[in-house]
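Colleague: The listed protein sequences derive, respectively, from chains U and F.
Using my numbering, the letters of the first sequence correspond one by one to residues 1 to 114.
Using my numbering, the letters of the second sequence correspond one by one to residues 1 to 118.
In short, the hints are calculated from the structure, not lab data.
Since the model is a prediction, treat every value here as computed from it, not as a measurement.
Keep in mind that a hint or two might mislead.
[Stated by the list, open to error] Okay, derived cross-link-like pairs now, SDA-like style, lysine to any residue, Cα gap no bigger than 20 angstroms in a straight line:
id	chain 1	residue 1	chain 2	residue 2
1	U	K101	F	E83
2	U	K101	F	G85
3	U	K101	F	L96
4	U	K101	F	E44
5	U	K101	F	A30
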Amino acid sequence: AQSVTQLDSQVPVFEEAPVELRCNYSSSVSVYLFWYVQYPNQGLQLLLKYLSGSTLVKGINGFEAEFNKSQTSFHLRKPSVHISDTAEYFCAVRESDSSYKLIFGSGTRLLVRP
Amino acid sequence: EAEVAQSPRYKITEKSQAVAFWCDPISGHATLYWYRQILGQGPELLVQFQDESVVDDSQLPKDRFSAERLKGVDSTLKIQPAELGDSAMYLCASSLRATGPTGANVLTFGAGSRLTVL
């Protein structure tokens, strides 16, 4: 069965600095990968997804992620963060032979300081 | 922009009471999901519907939780009786028919219903 690991529970960073949020997954088959963002007391919003093709995926709000099959990783990056990026970020994986089961990681809280 | 509607946003109840949450998915979305998100954790799938049929309820505590989607549109999640450990955010999501590796598998989430059991 697939699983998702987000090792960093919280990442503090100063405004305008770059950031990387790490995500590793475990699966015996090919996968589809997603990053969602959750602002306080709100639902989850899709940032970006990897289904196939180019391993570098660009999403909303200036975020991008790179799929690395050999390292089973899908790290999220942004070259310059804003205060408004403060939120919880969730990595999620769906196995290609399962059309619906979306498994989430435990989340990483990005805290952007002025 | 179309949204997934959920109510109530907040619910405080005492243990052993019954509680219900309602979800109205985006029009035309055949697949509906209920997730539970405990504070500090990622969402966990409780139940998934394809139209009015349950596709997966393997993680639903069936002794106290029930879910229905009678006409294949809106859905209700019920807890009876509520326990202290049920305190969590209950998220509803919907997607186009969940088949194949296409954008149809993207889930759109509602704002959630936060439950506090005292």
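Colleague: Which hints from the list above does the structure break, by number from lowest to highest?
Modeller: 1, 2
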